[in-house]
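Work out the full structure, taking the sequences as your base and the hints as a guide.
Those sequence lines, one after another, are chains A and B.
Note that the first sequence ends on residue 1207 in the working numbering; no numbers are left out.
Note that the second sequence ends on residue 1207 in the working numbering; no numbers are left out.
Honestly, the hints are just simulated from the structure, not real lab data.
Watch out, some of these pointers could steer you wrong.
No distinction is drawn between identical chains; accordingly, a pair holds when it is met within one copy or between any pair of copies.
Said to hold, decoys possible - Listed next, the in silico DSS-like pairs over lysine-lysine satisfying Cα-Cα at most 30 Å (straight line):
1) K552 <-> K520
2) K630 <-> K537
3) K816 <-> K679
4) K868 <-> K537
5) K692 <-> K569
6) K692 <-> K537
7) K535 <-> K651
8) K776 <-> K679
9) K816 <-> K651
10) K964 <-> K1187
11) K567 <-> K868
12) K776 <-> K675
Number of protein chains: 2
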Amino acid sequence: MKSYLLLIVAFCLSLSLSLTAQTIEKVAPGVWKVTYGTPEKFKPSDFKEDPALDALAKMSGNEKPPFDLSTIKFKTTSRGCVAELTMEDSEKLYGFGLQNNTFQQRGLRKEIRVNSWSTGNVGFSHAPVPFYVSTKGYGVLVNTSRYATFYCGTMHKASESINLKEGGNSNVASSTLDLYKPLEKSSDNMIIEVPSEKGMEIFVFEGPTTKEAIQRYNLYSGGGCMVPAWGLGVKYRGKGDYNDAKAVKLAKYFRENKIPCDMYGLEPGWHSVAYSCSFVWKPSLFPNPDQFIDRMDSMGYKLNLWEHAYVFPTSPLFDPLKDKSGNFAVWKGLVPDFVDPKAREIFGDYHEKTFINKGITAFKLDECDAADYKDAAAQWSFPELSQFPSGIDGEQMHQLFGVLYQKTLLNVFNRNNKRTLLDVRSSQAFAAPYPASLYSDMYDHHEFVRMISNAGFSGLLWSPEIRETKSDADLIRRTQSGVLSAQLLFNSWYLSNPPWLQYDYEKNNRDEFLPNAKELESQIRNLLELRMSLIPYLYSAFATYHFKGIPPFRALVVDYPQDSAVYKIDDQYMMGENLMAAPFLDGASKRSIYFPSGVWYDFNTNQKYEGGKAYNIEMSLDQIPLFVKEGTILPMAKPVQYVTPTTVFEITCHLYGKTCKPTLLFEDNSYTLDYQKNQFNWISLEWNGENGKVTKTGKYKVNGYKVTAWIKH
Amino acid sequence: MKSYLLLIVAFCLSLSLSLTAQTIEKVAPGVWKVTYGTPEKFKPSDFKEDPALDALAKMSGNEKPPFDLSTIKFKTTSRGCVAELTMEDSEKLYGFGLQNNTFQQRGLRKEIRVNSWSTGNVGFSHAPVPFYVSTKGYGVLVNTSRYATFYCGTMHKASESINLKEGGNSNVASSTLDLYKPLEKSSDNMIIEVPSEKGMEIFVFEGPTTKEAIQRYNLYSGGGCMVPAWGLGVKYRGKGDYNDAKAVKLAKYFRENKIPCDMYGLEPGWHSVAYSCSFVWKPSLFPNPDQFIDRMDSMGYKLNLWEHAYVFPTSPLFDPLKDKSGNFAVWKGLVPDFVDPKAREIFGDYHEKTFINKGITAFKLDECDAADYKDAAAQWSFPELSQFPSGIDGEQMHQLFGVLYQKTLLNVFNRNNKRTLLDVRSSQAFAAPYPASLYSDMYDHHEFVRMISNAGFSGLLWSPEIRETKSDADLIRRTQSGVLSAQLLFNSWYLSNPPWLQYDYEKNNRDEFLPNAKELESQIRNLLELRMSLIPYLYSAFATYHFKGIPPFRALVVDYPQDSAVYKIDDQYMMGENLMAAPFLDGASKRSIYFPSGVWYDFNTNQKYEGGKAYNIEMSLDQIPLFVKEGTILPMAKPVQYVTPTTVFEITCHLYGKTCKPTLLFEDNSYTLDYQKNQFNWISLEWNGENGKVTKTGKYKVNGYKVTAWIKH
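Structure below.
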């Protein structure tokens, strides 16, 4: 019997080994799918939104793949499945999701593994995405929820050495640094290994430019997310153990001091049990939640509740979910099997009934990544070997958990025709349509800025949140980076008072304020007002993200892929179509800034810079590192304290240069999803050299903007 | 056709899933093998030495397994194979090879992955071994060359939460440290996951004590290694770019200044090309290697050559190995497929003819681990997805490469009946019989000492090498730790002069000596002479390792598994049967030292300490942190400058306490393997209270010792 079985197994193996050729299928305009063998279930695409096919069809260059897809070499091994692509010498690679400490990825090994910390620079991330784009103008996504590894030109084959008779190192190294230095030259191989799988599915996105490849990836994902206008305002998260009265007091402080704030977030203390969660208000801190919600709402705050998805035994969600969860606990809580639509429904229904219907506008979805890999003792997360009733295992669930968690709650908001903006600590592939911004406990300022640049390659949003800081300058510069990001977020979950009143942790919690607290408060107010002024511009950039797939925040290389000077620039980025940000890091007052081709205006002084080179630029703390491309009409709003359903933004159009291109403003009901039913307008702002012209196109009947002035610079 | 194939595959799968029960087999006295499914080829045991069955049979408690082996639960998953064992609450776990920054392993996740750096504390190591021992008195080895992960009680099952209605955290954390703190209590599950495999083989070693479980593991591996007596002397590795004249000059320095030194090591510069290696002398530095070897030999030095196994194209080994190597290059060099006996033969024959027959006595086998995992740019090593002609893949090869490399060269020494002591940067399971000492670029003093303790759990030897240091005290204390280790090694590969003349790197290489260089030299000389005095004791401890499997260096918990006070003590350890070392770290002059039960003597002052408690102990730099158990007869030799084939050690027996147990000295030709033909003696040293007695048992005809005095303390 045994040898008979072995024979059959051998027969199966020999057959499967003979299935070596891939199938190539055009799945959307400019998007191809290459399939080899039999990829596993639980692919990222199994949970994605429908592609924005119409928008894809409108793009040019849809006819043929960016390279010959039959040249991709695949094989299965005892470890999994391997694909090999080749690269040209000149190509640079970007992407792989929310990478914190690398930017240009060629020459690096990247392991796409969700994790709460980065573990060197190997690719671990809150939101690692098995997707990269090339400066040659194409994108590649490996459709797997396994921990895939990309060897981006790091490996040389033995066969390359056969005819090598020189180039050996006859100099003797004198330090370990010298010994283990990186390759002199990266190889031309992109080798991708997917563990455990016996097949692979690769999506290839046509360019012909880098930006278009990204656009196609985002549109194939379903288009970029539409955030509510209030989501582009200011978010403040108060101390974790604050009760209702303290939260209200803090909320009043903002209003009384005319400091803009749209969103207020509660941290873990609101749960009767947290770590894991009860999803029930704690009576001692919030005896009357409905009243509290109403009170915050009456002050114009959008209330956001912290949670994670792990369900403590005393939670009302525990019994309904106990046979729809993984076999390992996290902080004694169940891990819901969000692959199962029924588990998503139970979790979502509870949130709808208990929170969303009561006026909660958003959630912070914490801890949906994984425990710090490096720390073998602090293993709070579920193991990769976990099993879930749906059949997904722990590794796959780790990779998809953030996205599935987002889907679970967004589904409820969507069916209620309510827009939201979530905070979320993990995401993955095809996430562009989800209005959710990533955040992290990592707190290096340069990394925070680099993540703004990197997030844009992979359909992600990122909040470089502001916590306590180490100096006035550090506070201001970090706040500026927040102002110049997708979501401006102060996270004071362990601070009694806002950081601008005292940025020292201990003193803050003893209510000892800085001597210059009021002065700092005023500087912060100015910055937050600037953010409020940018809302129409940013809101329209998000609409462009939705309809065209162009990321509102993106690295310079996306717009200037032919300019090799930008290949390593990870601390400057484009904001919308016409603005370039160049944050000053760690409280610095000087930095080198590179300007791509064209002429650029300093937003503060209107000083002009000729592009194609770098300048050493000094800025005082009251200046924001923002630059405007010549030919721009920049619509700036009169700042409001917070956005309401009836807010009409008063717009001043700033004109940079003698001739300006028209600018488009997007107008709709930013509280609902009615834009999906064509209830929106595009407002064209034009300048003929002497007069401004405002032209509205669309079916939406309510005015969101009022253009009041045009100013030449 | 396709659906037919799927049917057959489904049939195969259903059959393989039904094979769930394990087979249990007694493979040696006190050693059981549990097999589940079909483990892969290329298991560590495929390359192991024959077990020391006679020695195993002599041990007691061989009848039944330490626990019911049928209770081990196995399953296969899409990721690989999982085993689950249970533990008692009181059990503590140790082992997993050369762990640098963890000691007691329960409560930790351990990933057994060979690597040149540790990556947090997750288990990566130069010599990770999928083996642990429990204080309950058993050992478990997972016989895999995959990167197995051991969840040592880190995970709680969801089922444990079902009836949990309290214990939730209603306190609100106020720091991230607080949030992610380790489990309050480790679970009772040991869960082992082996990736890619569809079966698992587990060896279980009976105790009944922790020490006996380790002994059985070592004896089943083939018994502990026998090192030559000269290998227990002093090793010095000179600067990497030194030529013959400079090496000879340094060698003379030792002799002229009466500083003991047995072994001199050449670093990479001797190769005509290094990184990767030519295995050919560089004519510009070593125009006449034979003459150089003779010159060093005439001064009594054993010459050791640095190399790694990666073969540069200009090497004479390249053509013979090019179709017997992996498909990826390392530093442009071939990676020989050492699984293939023919590849081992080619590599070994070349070394025999070119080096060993010419008088080279040992090699340093560098870089056989893997590139630093954390650094995605410095990927010098071969990837896990590599393929080798024998069928082994890169992951498995990484795990076994160090052991196979050792085997390749030891085979040549063995067939020439020559003993050696290799340096090696990687090892794995079943390595006890290999005379090879591990080393590392990591340089934390506490970790270096912890690795002495940890190496003893898994049949490994470890050299806490001395490089440059930061102060007189640091130099002395590190040298003391070297004296109290398996191999005393100064690695000056980037220093022109010995570190005791100048420990500042820059100044050393400018020949600027410390003002007190001669004084430090004298202190070092004293320490090295102490090491030479300990050779007979250590040599006999190694013989005990060989014949009984008791590690010569081992953590206190091995000898005192019932004393919970030692469970966390990783900076004290036993040396041979009767000595305890307690190194002073980082130049300290005070430390707390715990004494297990009994009475202990300070080696320097003979002060007595009552065991069962800890003392704060102060030691000046001329005192060595070494303690002698009451009842010991400690044989100390008159120090020689270096060991020769005719060395006769003059022994003084030091008596500690009124009544002393007999001590055994091992005597043989320490240059050859004649002990395997019973050519050895055991010399019993006994003291009846008034007189000493020396009794020799055995067939070896040459005297290696002369007992000259007995001293009471």
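Going through the hints against the structure:
Taking the shortest alpha-carbon separations for K552 and K520, only the intra-copy value of 16 Å comes in at or below 30 Å, while the best inter-copy value is 71 Å. Taking the closest pair of Cα atoms, K630 and K537 come within 30 Å of each other only inside a single copy of the chain (27 Å); across copies the shortest separation is 44 Å, beyond that limit. When the C-alpha separation of K816 and K679 is checked against a cutoff of 30 Å, the pair qualifies only between copies, where the shortest distance is 23 Å, while the shortest distance within a copy is 53 Å. Taking the closest pair of Cα atoms, K868 and K537 come within 30 Å of each other both inside a single copy (27 Å) and across two copies (27 Å).
For a Cα distance limit of 30 Å, the shortest separation of K692 from K569 qualifies both inside one copy, at 9 Å, and across copies, at 19 Å. In the homo-oligomer, the alpha carbons of K692 and K537 lie at most 30 Å apart both inside one protomer (13 Å) and across protomers (23 Å), since each shortest distance falls under that limit. Taking identical chains as interchangeable, the C-alpha atoms of K535 and K651 lie at most 30 Å apart only when they sit on different chains, with a minimum of 25 Å there against 32 Å within one chain. Taking the closest pair of Cα atoms, K776 and K679 come within 30 Å of each other only across two copies (27 Å); inside a single copy the shortest separation is 59 Å, beyond that limit.
Only between protomers do K816 and K651 lie at most 30 Å apart by alpha-carbon distance; the minimum there is 12 Å, versus 50 Å within a single protomer. Taking identical chains as interchangeable, the C-alpha atoms of K964 and K1187 are never at most 30 Å apart, the minima being 47 Å within one chain and 73 Å between chains. Only between protomers do K567 and K868 lie at most 30 Å apart by alpha-carbon distance; the minimum there is 28 Å, versus 34 Å within a single protomer. With identical chains, the CA atoms of K776 and K675 are at most 30 Å apart between copies only, with a shortest distance of 23 Å across copies and 55 Å within one.
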